[in-house]
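Trainee: What follows is each chain in one-letter form.
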Amino acid sequence: MTRFRTVDLLVTVLIGAAFGVAFLGYGQLYTLIGPLTAAFKPAEGLLAGIWFLPAVLAALIVRKPGAALLAEMIAAVLSMLLGSQWGWGTAISGLMQGGGVELAFLLTRYRHFTLPVAMLGGILSALLEWGWEKFAYYQEMSWTYSFLMLGFFVISGALLCGVLGWAAGRALAATGALDAMPAGRERAQRARVAART
Amino acid sequence: MTDLSLRGLTWHPYSRAEPTVLDLDLEIPTGQRVLLAGASGSGKSTVLRALAGLLDEESGELSGSAPGPARPGERGLLLQNPLDALVAATVGREAAFGPENAALPREEIQARTTAALDAALVDLDSDRAPLDASGGQQQRLALAGSLALDPSALLLDEPTSMLDEDTAAAVRESLLASATDRTLVVAEHRITPWLDHVDRLLVLDAQARILADGPPHEIAAGLPDSPAAPHRTAPPRSDSRECTGEVIAALRGVDAKRGGRPVLEELEIELLGGRLSVITGPSGSGKTTLLRTLLGLTSPSAGSVERPAAEQLAFVPQNPEHSFVAATVREEVLASPWARDEQLAEQLLERAGLSDLAQTHPHTLSGGEQRRLAIIAALAQTPRLLVLDEPTVGLDAARRAAVLELLDAARARGCAVVAATHDPVLIAHADREHRLSGVVAEEGGPCRTGPDRTIGPVPRSRAIPADALNPLVLSLIGILAAVGSFAVQSWQGGLLALLPIVLLAPLAVRSLRAGLLRLTPILLSAAGLAWTTALLGQAPPLSGEAWLLGGKEAARITVFVAPGVLALGSVDPTALGDALGGRLRMPARMVAASVAGLVRAGHLGRQWEIITHARMLRGLGSRSSPRMLAGATLALLVDALRGAQQQALAMDSRGFATATTRTWALPSPLRRADLLGVAIALALAVWPLLAEMLVG
Numbered sequence: 001m002t003r004f005r006t007v008d009l010l011v012t013v014l015i016g017a018a019f020g021v022a023f024l025g026y027g028q029l030y031t032l033i034g035p036l037t038a039a040f041k042p043a044e045g046l047l048a049g050i051w052f053l054p055a056v057l058a059a060l061i062v063r064k065p066g067a068a069l070l071a072e073m074i075a076a077v078l079s080m081l082l083g084s085q086w087g088w089g090t091a092i093s094g095l096m097q098g099g100g101v102e103l104a105f106l107l108t109r110y111r112h113f114t115l116p117v118a119m120l121g122g123i124l125s126a127l128l129e130w131g132w133e134k135f136a137y138y139q140e141m142s143w144t145y146s147f148l149m150l151g152f153f154v155i156s157g158a159l160l161c162g163v164l165g166w167a168a169g170r171a172l173a174a175t176g177a178l179d180a181m182p183a184g185r186e187r188a189q190r191a192r193v194a195a196r197t
Numbered sequence: 001m002t003d004l005s006l007r008g009l010t011w012h013p014y015s016r017a018e019p020t021v022l023d024l025d026l027e028i029p030t031g032q033r034v035l036l037a038g039a040s041g042s043g044k045s046t047v048l049r050a051l052a053g054l055l056d057e058e059s060g061e062l063s064g065s066a067p068g069p070a071r072p073g074e075r076g077l078l079l080q081n082p083l084d085a086l087v088a089a090t091v092g093r094e095a096a097f098g099p100e101n102a103a104l105p106r107e108e109i110q111a112r113t114t115a116a117l118d119a120a121l122v123d124l125d126s127d128r129a130p131l132d133a134s135g136g137q138q139q140r141l142a143l144a145g146s147l148a149l150d151p152s153a154l155l156l157d158e159p160t161s162m163l164d165e166d167t168a169a170a171v172r173e174s175l176l177a178s179a180t181d182r183t184l185v186v187a188e189h190r191i192t193p194w195l196d197h198v199d200r201l202l203v204l205d206a207q208a209r210i211l212a213d214g215p216p217h218e219i220a221a222g223l224p225d226s227p228a229a230p231h232r233t234a235p236p237r238s239d240s241r242e243c244t245g246e247v248i249a250a251l252r253g254v255d256a257k258r259g260g261r262p263v264l265e266e267l268e269i270e271l272l273g274g275r276l277s278v279i280t281g282p283s284g285s286g287k288t289t290l291l292r293t294l295l296g297l298t299s300p301s302a303g304s305v306e307r308p309a310a311e312q313l314a315f316v317p318q319n320p321e322h323s324f325v326a327a328t329v330r331e332e333v334l335a336s337p338w339a340r341d342e343q344l345a346e347q348l349l350e351r352a353g354l355s356d357l358a359q360t361h362p363h364t365l366s367g368g369e370q371r372r373l374a375i376i377a378a379l380a381q382t383p384r385l386l387v388l389d390e391p392t393v394g395l396d397a398a399r400r401a402a403v404l405e406l407l408d409a410a411r412a413r414g415c416a417v418v419a420a421t422h423d424p425v426l427i428a429h430a431d432r433e434h435r436l437s438g439v440v441a442e443e444g445g446p447c448r449t450g451p452d453r454t455i456g457p458v459p460r461s462r463a464i465p466a467d468a469l470n471p472l473v474l475s476l477i478g479i480l481a482a483v484g485s486f487a488v489q490s491w492q493g494g495l496l497a498l499l500p501i502v503l504l505a506p507l508a509v510r511s512l513r514a515g516l517l518r519l520t521p522i523l524l525s526a527a528g529l530a531w532t533t534a535l536l537g538q539a540p541p542l543s544g545e546a547w548l549l550g551g552k553e554a555a556r557i558t559v560f561v562a563p564g565v566l567a568l569g570s571v572d573p574t575a576l577g578d579a580l581g582g583r584l585r586m587p588a589r590m591v592a593a594s595v596a597g598l599v600r601a602g603h604l605g606r607q608w609e610i611i612t613h614a615r616m617l618r619g620l621g622s623r624s625s626p627r628m629l630a631g632a633t634l635a636l637l638v639d640a641l642r643g644a645q646q647q648a649l650a651m652d653s654r655g656f657a658t659a660t661t662r663t664w665a666l667p668s669p670l671r672r673a674d675l676l677g678v679a680i681a682l683a684l685a686v687w688p689l690l691a692e693m694l695v696g
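Chains as they are written, first to last, in our numbering: chain A, 1 to 197; chain B, 1 to 696.
Source of the hints: derived by calculation from the structure; they are not laboratory data. Just so you know, even glycine gets a beta-carbon here, dropped at the ideal spot from N, CA and C. Treat the hints loosely; a few may be bogus.
[Stated by the list, open to error] Quick look at which bits of chain A chain B covers, simulated, 3 or more residues with Cβ under 8 Å:
(1) 85 to 94
(2) 100 to 108
(3) 132 to 145
[Unchecked claim] Computed footprint of chain A on chain B; a stretch qualifies when at least three of its residues, placed anywhere within it, have a C-beta under 8 Å from a C-beta of chain A:
(4) 7 to 20
(5) 190 to 203
(6) 555 to 562
(7) 603 to 615
(8) 648 to 657
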């Protein structure tokens, strides 16, 4: 079951590509919390989890080793090619964020695709991404503020990536768009039972 | 060559309550031409997939026998929407995809591609972008993609249902010409145009039960409710075609452009209350631009547009799923803040035959039901102007009639209804037709010797020196420069480190504007970092010392990011894929699928626009509301996921499932210029360190 069917590959890649496109629209969210972040940069960590969404969604939907990492890398490479302001840093971020989520599902040996694992994935991504950003972008930020930022990162990873990603997976399954995927099967089976009764 | 055969086939997708194919026996001898008819949902598509050997046992239960193809691409499959089959950035690479999967050598790939594009009469140069081509050319291109693998059978799933009459006839002719000496199976609900060209007509009922099977004309004549008979409702047209009535919306002397190209000139259109108008014309003639102008999504370059206020205007996009926001059908009808009348909603549900489905999730409805839901959701806003994009495309006769009834209901209420369409039945049903001829011919030209078939790199708007480098070397420049940036320790060193980047930048930007576009975000975030460091750094906030530290950080981050961002401007996904797959030998299927996904990014971007506009037009929020963004993301994902499933079929029918070793139509050469590139990369890696030594 670990072999990627063509549809698994494409679903993974297109989740990455769709988020790569949607991320351009998400720039608006940063203007929304602009006043807050201008005064207090660590608050930007509150939105960090959004960027890990392709990884957690791909893992929850495709349920095969490597899906989280591939989807996040595609999203990163796409935004890099489109001219993200972080250049090659984006690719490293993709590696950290995809890797964090991948690690969480690896720890369950790809047997559990539940909310707590998704939240753990978000938290691990947040840790890794924070480590990278501290090293690359915020070397001179004092450790007090850096740890505050870590706190925001972790909360955001658990909620915006973990909970929101899990909810998005459920919402997608309800549309029937996942019927060919393992994640859609549960809904499909419920529908079958319901139809029989 | 073997006969196609299905024995005792039952296919039960995990997603369905009942099998979609039940105990089907079907033998198709080599060379036979078969037409599969039957209403939507009768299992025609599934039968074609079974014949192609593409039923996927991870997504359903299969019993009986459905032997697969003997070699990759032995059975070519064409889908209803050719857009789903497209995988490449250029016409040449699109046709080369199958031969690449079959791991053919480069000369053979070129020969097969040329022959296939010629046979399918693709009238486009090899370097054109398939996603920008017209539907007719896209379907020809999909045919060429199949022909490149010399299939012994062609399996066509409603191959012309998305095309206008004339284009459909021309494409049908090419399909039939290509099917000489091949087995042909066509699934269609409009059977008349095919009857003269097939040996056998099979009529399917639910679960692919065979209702009739035999000589085409005999069977067609014997059908009680012939699917061939044009089924329409009596048009309750006004007595005379002279339209009078209140002008609800109008375009007056409108010129409009798309992508800088003029598509509408001096257009005069009045839309009257209680009248159905259709906008017709070949693809590329500006129908979409006209709708966008009418809706206020595009400003005309000249002339004026009159339209009702936002809450009196409703829009139904071509893909109804693009406008859906709610979790049940009933909530969907009342989702817009301008749709308040619950009683009206119930009436509309009743009228559209959706009352029993009121608690169902909109996305799980069938295509025809979704179309009706999107229309009644628009009508629930009691609009004065209803704008629809291709409201009947791909629907069979009965489902189209149901849509026409809803449009009649709208015009009976005095609403001005306008639809862009190429459906002859809808056109005949309208009170007025506005035919667009197009300002310039979109594709090909009258005086051409024939399209260029040479497979080449993806064309660029203007050549720059950086284009001479291999994508791997361009990547190396960005990566090594980023590594080198960590040596920056002072603001003086940082400024000095920036020097070579400023000097090299002109070699990597296509125009001043493009360069600024790429650099502005970097400079803004560098400024942001300087501010943050000055505010939250180790030094006292906003002191002189803190600002110097901030300046150093800004310089360092610019040195870190800028070379990569500038060099990446010359990297295109296709060339990157050739380098990663062909040269670095990374896993071939992963690389090829990633390229296919990245190529679609532009298409996804257009879908995102349609999705967000459809929502804004329903009054569901502005571009920056988190709820709107979340809903639009979900809709984009649904679109991408459904597309992925179709695209996987199209790719597997071209031998992708087994393409773990594949070839790449173009080499990824490392030339002398690349040596220079590597030298630049190394220099950028060590220069910041040297700069620090110089100032330190």
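Trainee: Now tell me if each hint is right for this structure.
Mentor: Now for the hints, and whether the structure bears them out:
no., hint, verdict
1, 85 to 94, "holds (count 5)"
2, 100 to 108, "violated (count 0)"
3, 132 to 145, "holds (count 8)"
4, 7 to 20, "holds (count 6)"
5, 190 to 203, "violated (count 0)"
6, 555 to 562, "holds (count 4)"
7, 603 to 615, "holds (count 4)"
8, 648 to 657, "holds (count 5)"
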